[in-house]
Amino acid sequence: MSLEIKNVTKIFGTSRKGEGFTALDDVSLSVKKGSSFGLVGESGSGKTTLTKCILRLESLTSGTIRFEGKDIHALSKAEMRRVRARLQIVFQDPYASLNPRITIHDIISEPLIIHRETVPMSSRQRTERVEELLLQVGLSREHLFRYPHEFSGGQRQRIGIARALAVKPEFLILDEPTSALDVSVQAEVLNLLHRLQDELGLTYFFISHDLGVIRYVCDEVAVIYRGKLVEQGPVDDIFDHPKDDYTRMLLNAMPDPDPDLSPFRRVE
Amino acid sequence: MTTTETATVQARPQSARMENWGRAFYRFRQSWLSVVGLAIVLLLILVALLSPYIVPHPEHLQGVTNTAARFQPPSASAWFGTNELGQDIFSLVLVGSRISLFSGMAVVFIAIVVGTTVGAIAGYFGGWLDEILMRLPDLLLTIPSLILAMAVAAALGTGVFNMIIAIAITWWPAYARLVRGEVIGKKEEQFMVAARALGANATRILCRHILPNIMSPIVVKASLDMGFAILTVASLGFVGIGVKPPTPEWGTLLSGARSYMPDYWWTAVAPGTAIFLAVLAFNLLGDGLRDVLDPKARR
Amino acid sequence: MALLDIQNLQLAMRSYEGETQILHGIDLKIERGEIWGMVGETGSGKSLTGLSVSRLIPSPPGRYLAGNIDFGGKDLLKASDRDMRALRGRHIGMIFQDPTTNLNPVFRIGTQLVDVALHAGHDDPSILGLSKGASRSAMKKAARKTAIEMLDKVGIPDAATRIDDYPHQFSGGMRQRVLIAMAMIGKPDLLIADEPTTALDVSVQAQILRLIHDLVAERNIGVLLITHNLGVVAQICSHVAVMYRGRILESGPVREVLKHPSHVYTQALLDSVPTVHTKRGELRGLSGLSPEAFA
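Sequence lines, in order, name chains A, B and C. Residue 1 is where the first sequence starts when you use full-length UniProt numbering, and the numbers rise one by one after that. Residue 1 is where the second sequence starts when you use full-length UniProt numbering, and the numbers rise one by one after that. Residue 1 is where the third sequence starts when you use full-length UniProt numbering, and the numbers rise one by one after that.
Keep in mind that the hints were calculated from the coordinates and are not lab data. All residues carry an ideal CB built from backbone N, CA and C; glycine is no exception. Fair warning: there could be bad hints in the mix.
What the hints assert, rightly or not - Cβ-Cβ distance ranges computed for the label pairs, FRET-style: (1) Gly18/C x Arg82/A: 46 to 54 angstroms; (2) Ser28/A x Asp98/C: 32 to 40 angstroms; (3) Gly20/A x Asp164/C: 26 to 34 angstroms; (4) Gly20/A x Asp138/B: 30 to 38 angstroms.
Whenever a hint applies, use it, and build me the whole structure from the sequences.
So this is what it looks like as structure tokens:
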């Protein structure tokens, strides 16, 4: 197992008297090495809180999160640093997740500088690594010293992916990486993610509200609703034979691009 | 960061940066008032730099008097007239720009350095550090700044440096407040979260990610403040706490003209207009910069 | 005569780089009872087309090079600002993408709705169920009643009390309903909806689409629905126009276009949508196609 989440509960605002807000309620799931695990949920379901907990940007109220056997929330700061190098994240909004004031070269090489103890490199090697990463995600060397605003959404997301891959992590959290992109660009980014997984043997934890995207990318899926996992299992099982009402509702609400499947279309 | 890129890729950043500047100037030009502001500011700086060498009566700056020619109205020989000591007001006002500009810039610079440091630390770390650090600015902001500056200047004694320190003490809290607010806002932005997720430490996040991204409001505020700083310097000079004669300073000149006001109006008009123009120019420039740096504020 | 008839609309925008033409001759005809989907990707000009109809593009930087937009026997491009103000809200309703920023957070929902109702009622008191020359207080009363009825119609439960709530007390989906109520209160003939469901969850999206669909059926209005989501178009629209780089590549009844696209770009777009049935490796982007192939 690559990532194991056991009975995780996160309650906000318990420090004061009274009821807190339960963002995650007894969540358990496990992600196999080299596989893609999808987490589906709507806004406010707790998906983002879960990623923050995995990255230890939020503390847990109870439960454990293990990454390759190590309890993430029990690690020392130095140990956590080493884990961070192997556990990277790609964010949803490619416009907001890149610092607008620094060049692509500096954005992508930042993890290399932060983790220079884990991956010691000279500045020349770093630049070479950045160039290599740019090619890997389908950009080119001449983009090196441009600023984020000069790129389209899809290109920015490729930059975000390159940054995440810089320190050669094994595990990638993808937090709605394509929801801000056009469909044609989304298709390209999803195919890029497939290719990278095949080439680098990555494990994906893919968060999305788009069931089509989840089905396309993932092997296993969990559906989260108001902080609780309502259903989980292999994608084909869940999509073809949903057991939970909420899952079924989500599947029905997905607008299909086939006009004949429209619930509004009367027989004309 | 030092890198050893090859020449071909190094050509890139320059053109990208040039393009950014071009784009910025294009937006700036959209309002002719900001261009006027910029022109006056540049002219002021030029005058301040060159004035000792170009004024018609440099000897008057040293306190030389010419009582035979006192209270001459503006004429071809003395453009702004002469004062009660027969000194050429044009020369005095021109050289007065040095003190005004220099002190204005120094005040704003000190205020930015102190205010940004305190505000950034308070905003980023929050908690008790924030509470402690921000109480002092809160306290200072409760006292009218001119009165506080006057009190501090009176305690320190007269002189340009003491005056600058006195004004800066009353000014940095505003920057601390501004920066703290901006930092708290930026802290939640996704690229900050991204940097934290990468494992970046506080210094790195503050210096590399937050500060460059909050420079815009600071620059805009600094430019708008420059006008008020000049005004404050002049005010202190006017009430006699700032710069002492014979060093020419706009506020002091205006103060000296007070008693001769209705009859010898030109003694007041020249320094007064200078203050007016400088304050106006910096405000126009500030507005223009805001349009460039923070286009969302307008439009 | 068509409800809305856009002919050869050409728009240019000025920027630092100079003036660039954004719309290269848009032709579109919307009849009552039709829901036109306008699909395209970022920068295709679909939103600018919508904004042109309600004349919300400031000039400068915008400049119309050619074309006309006929609505109710008038060319909107030649209409005065005053005429446009009367048309907007009254004959042309608009809904935007983000339901949060389009409601003023410091005013009650009711205040904002009543304001719109009064504006429309001023023009035509029959909207409020009054005859000409009604008193101010009667107008106000009727406006509030109309606002409550409209909220009820868009599915806000307990509208009579919720009308006095502030926007932050509503969820995203509810806010979008309020905005639809606001757009519909003047009984417009044409509704322009620019990505009305993009910021919403899929379950809420389905409800909002249902609402728009029912409004069209009930009031026989025309709708221009601007979206990047082909699924939404397939579900609710009767017609579709596919936009790319300021041009309509293909338009017609939705089933014809989406089932048998005549343009490679439309096909490519359809091939990039992952549905719940798409299997790994089946998606295609546009990368294999050159932009020139679409022109």
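Hint by hint, here is what the structure shows:
no.: 1; hint: Gly18/C x Arg82/A: 46 to 54 angstroms; in the structure: holds (52 angstroms)
no.: 2; hint: Ser28/A x Asp98/C: 32 to 40 angstroms; in the structure: holds (36 angstroms)
no.: 3; hint: Gly20/A x Asp164/C: 26 to 34 angstroms; in the structure: holds (29 angstroms)
no.: 4; hint: Gly20/A x Asp138/B: 30 to 38 angstroms; in the structure: holds (31 angstroms)
Violated hints are absent here; each numbered hint is respected by the structure.
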